[in-house]
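Enquirer: Sequence:
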Amino acid sequence: MQNSKAKMDEFKTRFMDMLHKQTNRQMKIPAMGFSDYFIQTVTTDALPSTTTTAAASPGASSAEADDVTDGAASAQKSDQEILESIEDCYYDADSNLELYELKKVLSAGIDNQLIEETIAQLRVQQKVLTKQVLQNILEQRNACSSEFQAINETQKKLEESLWTCQKARSYLNYARTNLTTTSLEILASYRKREVLKEVLQTLVAIKKLRTTDEELQKLLAEHNYSAAIALLLQCQSSVADFMQYNCVQSLHKKLQETMLLMEYQLDTVLNEMVLKFDVRKYAKLQEAYKLANKSLIAMDQLHMNYISAVHSTVNAVVRGYSEPTAEEQPKLLYEQICEQLNTDKLIPCLISLCKTFWTILASYYQVVIWHNNYKLYAQQEETDSDSQDLYIQQKLKKGQSRIWNDILNKVCLFLQSAKLKTLKYDQFIQVLSIVQRLKKVGIEFCGEQSEKLIAAMQQQSEEFFKRYHICCVEEICLFLDNESWTPLDSFVHILQLPEFRSVRHTLRRHKSPTTALMASTNNSPMSNNNCDELVSVHSQDGGGSSIYGSYGYFLRFSEKSSPFDGGLDAAMLEEDILSGIVDEASCYFSEESDDEQKSLQSKEFADDASNSQLLVNNTALNVLRCIGRYLQMCKLMHCISPKIVSCMLELLDFYAYAVHEIFGKDAIVATDNLYTPRLEERLRGVESNVLTHVKAWPLNFSSLINNELANPDTLYGLPQRIVAVEAGRSMLQQFHVLQNYLNHLLPAAERPILSNYLEYGDFMTDLAKPVYTCVTSRVIDLTAILAQMAKVKWDVNHVTHQHSSYSDVLNRNIQNFAMCLEEISKEVPLPSKNVWNSMAHVATHLLVEGFSNVKKCSAGGRALMQLDFANFMSFLELISNQKYPQHRAYVDVFIKSYYFSPEQFEQWIEQQRQTDDYSAKQLTNLIQCICVSDKRTRQRLLQLMDGVATNVTPHSTPQKNMCNSGSNLRNVI
6 MQNSKAKMDE
16 FKTRFMDMLH
26 KQTNRQMKIP
36 AMGFSDYFIQ
46 TVTTDALPST
56 TTTAAASPGA
66 SSAEADDVTD
76 GAASAQKSDQ
86 EILESIEDCY
96 YDADSNLELY
106 ELKKVLSAGI
116 DNQLIEETIA
126 QLRVQQKVLT
136 KQVLQNILEQ
146 RNACSSEFQA
156 INETQKKLEE
166 SLWTCQKARS
176 YLNYARTNLT
186 TTSLEILASY
196 RKREVLKEVL
206 QTLVAIKKLR
216 TTDEELQKLL
226 AEHNYSAAIA
236 LLLQCQSSVA
246 DFMQYNCVQS
256 LHKKLQETML
266 LMEYQLDTVL
276 NEMVLKFDVR
286 KYAKLQEAYK
296 LANKSLIAMD
306 QLHMNYISAV
316 HSTVNAVVRG
326 YSEPTAEEQP
336 KLLYEQICEQ
346 LNTDKLIPCL
356 ISLCKTFWTI
366 LASYYQVVIW
376 HNNYKLYAQQ
386 EETDSDSQDL
396 YIQQKLKKGQ
406 SRIWNDILNK
416 VCLFLQSAKL
426 KTLKYDQFIQ
436 VLSIVQRLKK
446 VGIEFCGEQS
456 EKLIAAMQQQ
466 SEEFFKRYHI
476 CCVEEICLFL
486 DNESWTPLDS
496 FVHILQLPEF
506 RSVRHTLRRH
516 KSPTTALMAS
526 TNNSPMSNNN
536 CDELVSVHSQ
546 DGGGSSIYGS
556 YGYFLRFSEK
566 SSPFDGGLDA
576 AMLEEDILSG
586 IVDEASCYFS
596 EESDDEQKSL
606 QSKEFADDAS
616 NSQLLVNNTA
626 LNVLRCIGRY
636 LQMCKLMHCI
646 SPKIVSCMLE
656 LLDFYAYAVH
666 EIFGKDAIVA
676 TDNLYTPRLE
686 ERLRGVESNV
696 LTHVKAWPLN
706 FSSLINNELA
716 NPDTLYGLPQ
726 RIVAVEAGRS
736 MLQQFHVLQN
746 YLNHLLPAAE
756 RPILSNYLEY
766 GDFMTDLAKP
776 VYTCVTSRVI
786 DLTAILAQMA
796 KVKWDVNHVT
806 HQHSSYSDVL
816 NRNIQNFAMC
826 LEEISKEVPL
836 PSKNVWNSMA
846 HVATHLLVEG
856 FSNVKKCSAG
866 GRALMQLDFA
876 NFMSFLELIS
886 NQKYPQHRAY
896 VDVFIKSYYF
906 SPEQFEQWIE
916 QQRQTDDYSA
926 KQLTNLIQCI
936 CVSDKRTRQR
946 LLQLMDGVAT
956 NVTPHSTPQK
966 NMCNSGSNLR
976 NVI
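Residue numbers for the sequence shown, in the working numbering: 6 to 978.
To be clear, the hints were calculated from the coordinates, so they are not data collected in a lab. Keep in mind the model is a prediction, meaning the values are calculated, not measured. Careful: at least some of the hints might be erroneous.
[Unchecked claim] Distance windows between CB atoms, simulated:
#: 1; residue 1: Lys424; residue 2: Gln919; range: 54 to 64 angstroms
#: 2; residue 1: Asp767; residue 2: Asn712; range: 23 to 33 angstroms
#: 3; residue 1: Val937; residue 2: Val814; range: 26 to 36 angstroms
#: 4; residue 1: Leu143; residue 2: Cys170; range: 34 to 44 angstroms
#: 5; residue 1: Lys402; residue 2: Glu344; range: 15 to 25 angstroms
#: 6; residue 1: Glu344; residue 2: Gln454; range: 47 to 57 angstroms
#: 7; residue 1: Glu685; residue 2: Pro752; range: 26 to 36 angstroms
#: 8; residue 1: Glu344; residue 2: Asn229; range: 42 to 52 angstroms
#: 9; residue 1: His316; residue 2: Leu502; range: 38 to 48 angstroms
#: 10; residue 1: Glu227; residue 2: Gln398; range: 27 to 37 angstroms
#: 11; residue 1: Leu167; residue 2: Arg198; range: 39 to 49 angstroms
#: 12; residue 1: Gln222; residue 2: Gln398; range: 30 to 40 angstroms
Beta carbons are placed, not taken as given, at the ideal position from N, Cα and C, and that holds for glycine.
Required output: the full structure, derived from the provided sequences and hints.
Expert: Spelled out as structure tokens, the structure:
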């Protein structure tokens with residue numbers, strides 16, 4: 006109770022202080038003297054004044070009178086003005102007011118009036134201030150009373166609260182003394198059970214966290230990576246609730262390590278997808294990376310794995326085929342290893358490389374297909390999902406070109422470093438086929454044309470073909486050296502040869518010029534010799550990406566099989582590169598059976614071959630086979646097709662040149678005028694372009710020339726000559742079959758070369774003239790006939806009806822020749838027209854030579870010449886069953902020149918000098934014979950001959966003209 010009372014006193018004291026503070030806030034009280042007098046005076050003045058003014062008490066002091074005086078003086082001012090006139094220093098408790106007022110009054114000296122005025126002013130200010138303070142106190146008296154009442158009420162409530170607390174304590178003391186120990190034990194047991202349950206749950210959670218590693222390994226073994234990631238993330242969130250335990254902290258570190266190991270394992274499995282793609286594994290991998298929020302990082306890592314796989318696998322494959330020492334192998338670069346590869350290991354190594362590259366490309370293709378079919382972020386917000394999926398699509402699209410370019414670089418380095426030019430033909434064709442397939446794979450994979458690969462292969466093809474062409478020519482030389490010049494049986498068409506099997510459908514499509522023209526028009530890019538010609542129709546699908554094209558390699562093969570399977574057998578050479586799909590650009594078709602091939606030959610080419618056997622020999626057949634091999638190369642590599650076609654023509658020309666060298670150089674008469682300008686151009690072209698590169702030339706044909714070609718029983722090797730010439734004619738005939746297809750393969754600028762070559766259809770006919778002349782010039786006894794013609798008297802005065810005796814001898818020679826031809830026709834097909842044309846050529850030139858040797862000739866002699874010639878020509882045309890208007894005109898014009906007037910004769914001589922149909926000796930003798938009596942005309946015509954006659958002895962003996970070969974024998978022919 007005492008404490009309560011003390012507290013109440015303290016409360017009252019604080020309350021009074023509060024009242025004083027409130028008053029002080031309203032008005033500042035100057036720190037000056039305060040007495041009961043002032044309080045009394047202020048109180049009295051504060052009372053309301055009555056209407057009647059009380060008289061001042063007689064006991065009032067003089068001070069009060071002064072106050073009244075001061076009050077009257079200050080009545081002019083209001084209280085507020087007086088309060089405001091109080092200086093600030095009076096409100097400062099620390100100021101010395103006495104000293105202040107003294108200084109102020111005495112500053113100018115002692116002035117009584119100033120002192121009194123100051124005292125009066127201070128009194129007025131004190132009075133007004135005191136009055137204002139008392140007024141404020143009176144105004145707060147009601148509030149103070151109400152506050153004291155509230156304090157009393159509060160005191161009562163405190164007393165009630167105290168009583169309530171004392172009562173509660175008494176009840177609690179009673180309860181404590183009356184509760185049993187059993188009840189307390191029950192409560193303690195319950196609390197303990199709850200604590201134990203919580204501890205048990207914590208232990209179970211910790212135990213589960215500890216068994217997570219085993220579950221993770223089991224999920225990883227099942228390739229359930231998404232579940233493993235989800236379990237790890239769940240464990241990490243659970244660990245955060247038990248981090249107060251030391252064991253959980255160590256477990257948290259272990260889980261972090263497990264997470265790193267799992268990411269490493271995921272990267273390992275992701276790397277396995279490069280060479281062995283598994284759709285299920287890849288789907289689980291992407292789901293796991295998605296849960297770990299590392300899908301984009303995984304995509305970047307996947308591209309790095311593909312690029313790394315290209316570089317690592319190519320080195321491993323090439324090193325597997327190389328044979329350097331153990332110390333040198335790690336130090337060698339990829340290009341150096343390729344240079345050291347043996348020739349027999351080039352193709353197996355290239356096939357292995359392409360198979361490895363196919364595995365990588367097929368895997369990447371399936372990755373692209375998977376991401377096209379599934380979106381990782383389809384269930385998220387559209388903006389976020391579109392951006393992430395778009396990033397993946399762009400990454401995959403760019404990765405296609407990058408991976409393909411890396412593969413191209415490796416393949417091009419291999420092709421440039423390896424010694425491809427040393428390969429055999431079949432092996433190089435395999436390389437072309439492999440490269441061609443690889444190029445089509447690139448078109449389907451990323452739509453690129455692989456210009457770098459084509460350029461590298463073009464360079465290698467040019468080097469190889471240059472060497473191979475020389476080898477083919479030397480091979481033909483070997484065949485020529487061992488040729489028996491006998492015809493082969495059962496050859497009807499070039500499609501019988503295995504080298505042409507791959508183009509038989511193409512030749513059927515390009516058989517007619519109209520079809521060839523349409524094909525050329527429809528394939529206009531081919532006419533520009535585009536090196537990118539071999540584009541399969543299945544490699545493009547509209548205008549979109551070629552990776553989605555139908556019927557492509559990526560849909561026909563998988564990573565377990567590839568377009569490069571098949572090894573090194575010959576099947577790769579004969580198989581269709583497009584495997585049953587037409588390639589419109591290269592006109593390449595699938596192979597068929599031999600029965601279909603024979604049916605095709607008998608139906609489609611019946612008009613060309615007429616189902617008749619062609620005359621060919623071993624050398625000609627080998628030339629055709631070389632052309633077939635050239636055609637395969639031309640088909641696989643269009644960029645060098647002009648060079649290949651040019652070499653085909655060189656093979657044909659070389660065969661003709663060899664036939665000319667063997668069978669066209671042993672004539673006993675001059676054959677210069679038998680060569681046409683185009684024939685001479687062809688032969689000179691072989692000498693300058695082909696023979697300079699052939700080491701085996703010239704060949705030794707002395708045995709054949711001394712035996713068969715010198716044997717009169719066989720007409721000086723006429724069967725062999727026929728086989729040689731007609732085999733060349735058969736080759737040209739078969740080569741015409743290829744014309745439309747070759748025009749399709751050649752660029753437009755190169756086609757005129759082939760057309761101009763084939764327009765010269767009389768090539769072998771012109772070549773046959775000197776060849777057959779070597780026989781026909783020996784069949785007729787030229788020396789004897791010229792001698793007999795020289796004995797004939799041509800200056801007779803009368804016209805006889807009996808031809809000369811030399812005509813009978815000439816006819817007998819012709820008859821014997823016909824009998825021999827009949828025997829020869831039983832061995833080989835006889836080209837009667839060419840052979841008899843050669844005989845007519847020799848005989849007519851023989852007659853002109855004999856007629857030109859006549860010194861004097863009368864009109865009767867000229868009639869005899871015509872009679873002898875008519876007898877001979879009628880016999881020749883009868884026995885050969887042919888007409889010879891050209892050769893008849895050749896002799897007729899010469900005989901009729903005797904009938905020309907001097908002007909006509911001079912004009913005719915001028916024409917003959919330009920045409921060179923007759924030799925200078927013949928014209929000179931003719932001038933001397935006709936102008937024997939006109940010396941002036943003779944001299945003028947001889948001068949017109951430009952001195953040609955002076956270089957030839959006009960009266961040389963016939964025997965000398967007939968026995969010499971070379972330029973002097975031109976007098977006969």
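Enquirer: Could you run down the list of hints and mark each one as holding or not?
Expert: Results of checking the hints against the structure:
1. Lys424 to Gln919: 54 to 64 angstroms: Taking Cβ atoms as reference, Lys424 and Gln919 lie about 59 angstroms apart, which means the hint holds.
2. Asp767 to Asn712: 23 to 33 angstroms: holds (31 angstroms)
3. Val937 to Val814: 26 to 36 angstroms: holds (29 angstroms)
4. Leu143 to Cys170: 34 to 44 angstroms: Given a distance of about 42 angstroms, which is inside 34 to 44 angstroms, the answer is holds.
5. Lys402 to Glu344: 15 to 25 angstroms: violated (36 angstroms)
6. Glu344 to Gln454: 47 to 57 angstroms: violated (28 angstroms)
7. Glu685 to Pro752: 26 to 36 angstroms: holds (29 angstroms)
8. Glu344 to Asn229: 42 to 52 angstroms: holds (49 angstroms)
9. His316 to Leu502: 38 to 48 angstroms: About 44 angstroms separates the Cβ atoms of His316 and Leu502, which means 38 to 48 angstroms holds.
10. Glu227 to Gln398: 27 to 37 angstroms: Holds, since Glu227 and Gln398 (Cβ atoms, about 30 angstroms apart) stay within the stated range.
11. Leu167 to Arg198: 39 to 49 angstroms: holds (41 angstroms)
12. Gln222 to Gln398: 30 to 40 angstroms: holds (35 angstroms)
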